[in-house]
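> Okay, here's what each chain looks like letter by letter:
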Amino acid sequence: MNTKEKQIQETLESIDSISRAEVPFDLGNKILQRVQKQNGKISLIKTKMIWRAAACVVVLVGMNIFSLVHFSKSKVESLENSNPIATEYFSYITNS
Amino acid sequence: MNEELLISQLKEGSIAAFNLLIDEFKVSVYNTALGMVQNVEDAEDVSQEVFAEIFQSIKNFKGEAKLSTWIYRIAVTKSLEHLRRKNRKKRFAFVQSLFGNEGVTPIKDIPNFNHAGAQLENKERSKVLFAAIEKLPENQKTAFILHKVEGVSYQEIAEIMKTSLSSVESLQFRAKQNLQKLLQEYYDKNEK
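Going line by line, the protein sequences match chains D and C. Each residue of the first sequence is one higher than the one before, starting from 1 at the first, in this note's numbering. Each residue of the second sequence is one higher than the one before, starting from 1001 at the first, in this note's numbering.
Be a bit skeptical, because a hint or two may be false.
Counterexamples of contact, computed for chain C against chain D with all Cβ distances above 12 Å [to be verified]:
# : residue
1 : L1083
2 : K1089
3 : K1162
On the chain C side, residues computed to face chain D include the following (Cβ under 10 Å) [said to hold, decoys possible]:
#  : residue
4  : I1022
5  : K1026
6  : N1031
7  : A1043
8  : S1047
9  : Q1048
10 : A1052
11 : F1055
12 : E1156
13 : R1174
Note that these hints are calculated values from the structure, not bench results. These figures come from a predicted structure and were not determined experimentally. By construction, the Cβ of each residue, glycine as well, lies at the ideal position given by its N, Cα and C atoms.
Starting from the given sequences, assemble the full structure and let the hints guide the process.
Right, dumping it as structure tokens:
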């Protein structure tokens, strides 16, 4: 084995003597902070909230449809009913 | 605390359990990232990303692999993503430098990375070795770092990389061959 080969071999073997590096002392805190921050963002749009909002929308739409159908019917009825009354009420004008 | 209990508490979103997980795995995650990205600040950043990902995805962990395998997989993926982002930036900076933009740092052939775990008498050698490791293809680098720096078995590396045991053996063999070539070139160049 010549000098260069020996050098290469020693360089390759140098990895065997490498120990694990020490973790920066505040890494754990930084991770927790990041996760809590991220979790806070997530909690703003929790699934429960989404379901509640969806339920509210459904109820509102339902109420709108109900009122639309119900009140349009009564309006038609009232219009139908109002005509004979009006005719009768203003009949004195036409009669006179 | 056993692994199953830890996982179930993590799935419930327990911060105390997450603290335990950080204590148990921060050294492995940080060292894997450090070996891959070869920069202390970047390794710290990748470690944070890894644990944030774990916290988010633990609900999807089905327990098909060991928890450590799953965490190593995330660490490797995040490190590779980081390297790809960095390389894209480097390429963009290089293209910019071709068009005469000022203030762009030149791409270094050999980074000046000193692994904190390298022994004093091996500092220079390990610096050269890590520069060579940086030039390996992604899968060879992953297999080599996990085995040589982290001491992960070939079987677990196969599970982490979702490949076969023979593929890992082949990756290790090719990584060593490529490293020898790269070191040969380096020492030839520096002898002149």
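> Run every hint past the structure and note whether it holds.
Each hint, compared with the structure:
With a minimum CB-CB distance of about 18 Å to chain D, L1083 (chain C) clears the 12 Å threshold, and the non-interface call stands. The beta carbon of K1089 (chain C) is kept farther than 12 Å from every beta carbon of chain D, the shortest such distance being approximately 22 Å. The beta carbon of K1162 (chain C) is kept farther than 12 Å from every beta carbon of chain D, the shortest such distance being approximately 25 Å. Checking I1022 (chain C) against chain D: minimum C-beta separation of about 5 Å stays under 10 Å; hint holds.
Interface restraint check: K1026 (chain C) against chain D, minimum CB-CB distance 5 Å, threshold 10 Å, status holds. For N1031 (chain C), the interface hint holds, since its Cβ comes within 10 Å of a Cβ in chain D; the closest pair sits about 5 Å apart. A cut of 10 Å between beta carbons decides the hint on A1043 (chain C): the least distance to chain D is about 8 Å, and the hint holds. The beta carbon of S1047 (chain C) is positioned within 10 Å of a beta carbon in chain D (closest approach about 6 Å), and the interface hint is therefore held.
Interface hint status for Q1048 (chain C): upheld, as the beta-carbon distance to the closest one in chain D is roughly 5 Å, under 10 Å. A least Cβ separation of about 5 Å between A1052 (chain C) and chain D falls short of the 10 Å threshold, and the interface hint therefore holds. For F1055 (chain C), the shortest C-beta to C-beta distance to chain D is roughly 5 Å, which falls under 10 Å, so the interface hint holds. Of the supplied interface hints, the one on E1156 (chain C) is violated, with its beta-carbon coming no nearer than about 17 Å to a beta-carbon of chain D, more than 10 Å.
For R1174 (chain C), the interface hint is violated, the least distance from its beta-carbon to any beta-carbon of chain D being 14 Å, above 10 Å.
In the structure shown, a violation is registered for the earlier hints numbered 12, 13, in ascending order.
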